[in-house]
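Number of protein chains: 2
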Amino acid sequence: MILFDIAATEIFSNKQALIFDLLGETKVNKLSEQVEVANGGLVERRKFLKSGATFLSVLAASSASSAAQTDVFDDHPKHMKIPGVASELYGEPSKYESHVKRLPEHVYGSSIITAAFTPIDQLNGIITPAGLHFVVHHNGIPDIEPSDHEFKIHGLVHKPLKWSVESLLNYPMVSRVHFLECAGNSGPNVIADAPMDMTCGQIHGQISGSLWTGVPLKYLLDEVGIKPNGKWAMCEGADSGNHVRNIPLQKLYDDAIIALYQNGERIRPDQGYPMRLFVPGYEGNMNVKWLHRMEISDIPSQSKDEQSLYADITADERVKQYSFNMEVKSVITKPSGKQQLPMSGFYEISGFAWSGRGKVQKVEVSADGGKTWALAHLEGPIMSKSLTRFTIPWRWNGQKAIILSRAMDEYGNTQPTRQEWVSRYARYSHGHNNSINAWLVSNNGRVSNFYV
Amino acid sequence: MILFDIAATEIFSNKQALIFDLLGETKVNKLSEQVEVANGGLVERRKFLKSGATFLSVLAASSASSAAQTDVFDDHPKHMKIPGVASELYGEPSKYESHVKRLPEHVYGSSIITAAFTPIDQLNGIITPAGLHFVVHHNGIPDIEPSDHEFKIHGLVHKPLKWSVESLLNYPMVSRVHFLECAGNSGPNVIADAPMDMTCGQIHGQISGSLWTGVPLKYLLDEVGIKPNGKWAMCEGADSGNHVRNIPLQKLYDDAIIALYQNGERIRPDQGYPMRLFVPGYEGNMNVKWLHRMEISDIPSQSKDEQSLYADITADERVKQYSFNMEVKSVITKPSGKQQLPMSGFYEISGFAWSGRGKVQKVEVSADGGKTWALAHLEGPIMSKSLTRFTIPWRWNGQKAIILSRAMDEYGNTQPTRQEWVSRYARYSHGHNNSINAWLVSNNGRVSNFYV
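So the sequence lines, in the order shown, correspond to chains H and R.
Numbering-wise, the UniProt record's numbering puts 133 at position 133 of the first sequence, and it's gapless, one number per residue.
Numbering-wise, the UniProt record's numbering puts 128 at position 128 of the second sequence, and it's gapless, one number per residue.
In case anyone wonders, no lab produced these hints; they're calculated from the structure.
Don't take every hint at face value.
[Said to hold, decoys possible] DSSO-like, lysine-lysine: derived pairs with alpha carbons at most 30 Å apart:
1. R:K304 <-> H:K81
2. H:K95 <-> R:K101
3. H:K218 <-> H:K400
4. R:K159 <-> R:K359
5. R:K101 <-> H:K304
6. H:K359 <-> R:K359
7. H:K304 <-> H:K362
8. R:K159 <-> H:K362
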């Protein structure tokens, strides 16, 4: 005889009610349920999803067709008639997705790739595969054998110490989902006077999201004992570029970690193997990769990176250093630059927002160039200093449309317009551009970068 | 002149207070703060972490030594003196981590790998890299070109439909972090009368965690319109094994998705490219990979997989089918089988718990073979039907110790002991083993699998 467990019994008892609800709902005129919440076709989400049948069949019409019951068994594809291949011991993406890769950039005519962006318009969710995480470095990725690597803390401390990789792997660890963004992300949109026709990844792809796991710095700082005049940590990478940034000790006590794992596995060479500093919410280059030394000091050491590369020039020609936090920002990844909408009808506008200061409070979307705005749905869990996916349904009428998103974080910080942002900085200064981004959808469905 | 932004100013005002607190704390006798919460060295967490200096210096002693200020600059390793290499367009793990890979298993003497486990004892956090996600299949991984693939729903519906991959990629999507576990996970611990000396991954590695993104099934079911007598969906994979499972429609409406992305990128061939069914919390094989057809019916079709491979035999020799949910379970991943503790002292016991029915409510850990138990810390966000990482500090005294974990989910479900579990099932029936797991730490620090 056959046993059904309790779950199955519940299913049968609930099922009847469900079916009746479903059939009942299909009798309603779905179009009458769709309430516009802003101009240009932005639709109220709850009623919209309830009107699923009408909404989705519009989309499905582009490629779905009725299938006669009888032909279902006549069309088993060839791959069902031959044995498949074995599992790899470390799996790879499908060969049919080989176009999804980092977008390389050769800065200053360097012969090696000094930056590689994440193709965020090809991805979904809020986690970036480690293999596609954006990368920036200034003298290549070092080949570091763990037994060759030590991390030391010295300077204004009571007891200078150094740790092997193995010893840190035995420390207590925390895991948190955080974004990482380069200070120079979205630079093209403020450097170029006219919008360049690039993909979302090419413009905004110096942002990625990961689950970072490692040892809280506060444990190590307690261990060496900070002297009263210790206020800053000079953090040095073990790369031949000798990358150095100074971090206020307060931040290291608050939420900084020595990251040893990314997305579950040991951190990869291009992300700092065997270890990197991770300072959640701070500009990318402060998350020093291949970290091997912290010198505690009373004032920042004014490294080359702080005096030039990562300093911003303001409109009144002053040098702004130590910006620390990446400010609240959002970007629509779909539809986005160089994509093509196949036909007029219903689409889901999707993107993500983030803030280096905390949680995303809300994201608004406009489909009429910023005249009217509607609240987007935020997909949880909404985590501090993490990418937060937002979506909103959109009925595209086939005419020219300009779509924008703007985010607010839990402290009420918002995004400036491009004009507001540009007015604050000197020409060609392009760090920390968190201005509102826009895409133009032409009446032929082609999507392109746009300045409002 | 130099500007500091508001963040920097805040740091200086807070910093003084921090330093004084820190120095104040180091005057306290840390050992007096460590409160045992269970026998065998399990320590109360909050006081424990506050006593950081003492706790950590014990561990650091194993490999950390004082570094004179002067020698810091004398030892730049060789990799700092030569340029590094360029970024790859799709990055790879470090060559020094090449031992971290799936653990293959050749079932029934098959010439191809039919199962490959996740080395969960080598990983951390709650996300498994797609390349290390466990894999089970019965006739290899099919090579499916997206343009060769259609998904259809027919049977007891008002309007049979089929969708191309491209059309589904235009549908609204949701992203959720969920575990996936094979019904046969942890089988060795109930099949073998004596504990086999294997790693945690070899015994319990048919569990992985991912961010799954895809189209909610309810949209597609609304679109075809279910007839009143439609209660089940026969779900068929497009592999040559022609894997088939029957799922109650209620589940498909509740939280099932057509998964198109895993951890941000398109789902990989060994996980069902171009699409798989994902039914959160249900046994792995019900999450039909390479999904190409759903036939709505009034009763389940009793597929070969349901009649034999994935049916459990109870102690009174009856066949239990349609178990659906994977029950609440936990496993300690560190320390675990075949690992070696270098010395007595402080360690963090770390592992994860999960339940196919909802959220993990609590995890308790014992270090004395189950006589006394202490509450472990759960690392958030705690998500439904997701891996939840737990940790607890442990002072190992260098003597033989038996460590266990037991979890409870939000509905009060708990794990049975091994004896309780074995008494319910027929000999060699090993599906759905969620019994309490134990590790033996010998007085030489060697860790091995153990039956309590």
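Item checked: Agreement of K159 (chain R) and K359 (chain R) with the hint, judged by alpha carbon distance not exceeding 30 Å -> 37 Å, violated
Notebook entry, point to check: Holds or violated: are the alpha carbons of K159 (chain R) and K362 (chain H) at most 30 Å from each other?
Noted result: With a Cα-Cα distance of about 39 Å, the restraint between K159 (chain R) and K362 (chain H) is violated, given a limit of 30 Å.
Next item on the list: Measure nothing beyond the straight line between the CA atoms of K95 (chain H) and K101 (chain R); if it is 30 Å or shorter, mark the hint as holding.
Entry: This hinted pair holds, its Cα atoms lying about 21 Å apart.
Margin query: Checking one constraint from the list: CA of K218 (chain H) to CA of K400 (chain H), max 30 Å. Satisfied?
Written below: With Cα atoms ~53 Å apart, K218 (chain H) and K400 (chain H) exceed 30 Å; violated.
Next item on the list: Starting from K304 (chain R), check that the Cα of K81 (chain H) is at most 30 Å away, please.
Entry: 18 Å, holds
Notebook entry, point to check: Would the pair K101 (chain R) and K304 (chain H) pass a check requiring their Cα atoms to be no farther apart than 30 Å?
Noted result: Violated, at about 40 Å.
Notebook entry, point to check: Does the alpha-carbon distance linking K304 (chain H) and K362 (chain H) stay inside the 30 Å limit?
Noted result: 38 Å, violated
Next item on the list: Take the C-alpha atoms of K359 (chain H) and K359 (chain R), compute the straight-line distance between them, and say whether it is at most 30 Å.
Entry: 23 Å, holds
Checked against the numbered hints given earlier, this structure breaks hints 3, 4, 5, 7, 8; the rest are met.
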